[in-house]
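From just these sequences and the hints, can you work out the full model?
For the protein sequence lines, the chains are B and E, in the order given. Heads up: take any position in the first sequence, counting from 1, add 224, and you land on the working numbering. Heads up: take any position in the second sequence, counting from 1, add 224, and you land on the working numbering.
Hints are computed from structural coordinates only; laboratory data are not their basis. Bear in mind that the values here come from a model prediction, so they are computed numbers and not experimental data.
Identical chains blur together in the list; that is why a pair holds if it fits in one copy or across any two.
Within a straight-line C-alpha distance of at most 30 angstroms, the following computed DSBU-like cross-link-like pairs (lysine-lysine) qualify:
1) LYS236 <-> LYS296
2) LYS284 <-> LYS299
3) LYS259 <-> LYS299
Residues per chain, in single letters:
There are 2 protein chains.
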Amino acid sequence: LSSLEELFLNVKPVKILVLLNDPSSEKYASAISKKVDCTYSHTVRILQRMENEGLITSNKKGRKKEISLTEKGEKLAKPLAETLHQMNF
Amino acid sequence: LSSLEELFLNVKPVKILVLLNDPSSEKYASAISKKVDCTYSHTVRILQRMENEGLITSNKKGRKKEISLTEKGEKLAKPLAETLHQMNF
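Below you can see the structure in the form of structure tokens.
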């Protein structure tokens with residue numbers, strides 16, 4: 225975690241949103257929590273807030289819920305990904 | 225303060241950086257603290273962290289210090305401004 229990230233961002237929610245916009249990443253809470261190094265319960269809470277804000281939707285796939293970004297979520301993920309990129313350049 | 229802003233951002237530092245990239249805004253701590261509705265001492269503390277990170281420089285002008293963004297600061301201000309724009313669209 226860089227000090228620049230901590231100064232400006234709530235890093236976990238930002239990384240989760242950016243990850244959800246990465247075509248190569250698995251779109252399940254369990255996989256996301258591992259990738260962003262966040263507990264499963266905290267990840268689920270952040271995803272719930274994102275769903276309340278209309279940034280993601282979820283679809284039952286057997287016992288799992290597959291998450292996808294809405295158009296609003298995609299539009300926000302882009303400048304946040306660029307922000308992370310600039311911070312780690 | 226929108227709930228979207230609070231979910232992803234440390235709003236005061238982000239607004240200060242974006243404001244410093246706005247050509248029409250006054251570049252002094254006192255003016256900035258009023259514009260972002262932040263105490264003067266908190267504003268000065270955030271500006272100090274930004275200077276430590278190489279995002280801003282300051283120049284004595286009489287009794288005041290005029291602040292300007294470095295190239296690194298400008299590069300970070302852009303995606304953060306776009307993030308705020310998407311959140312308030």
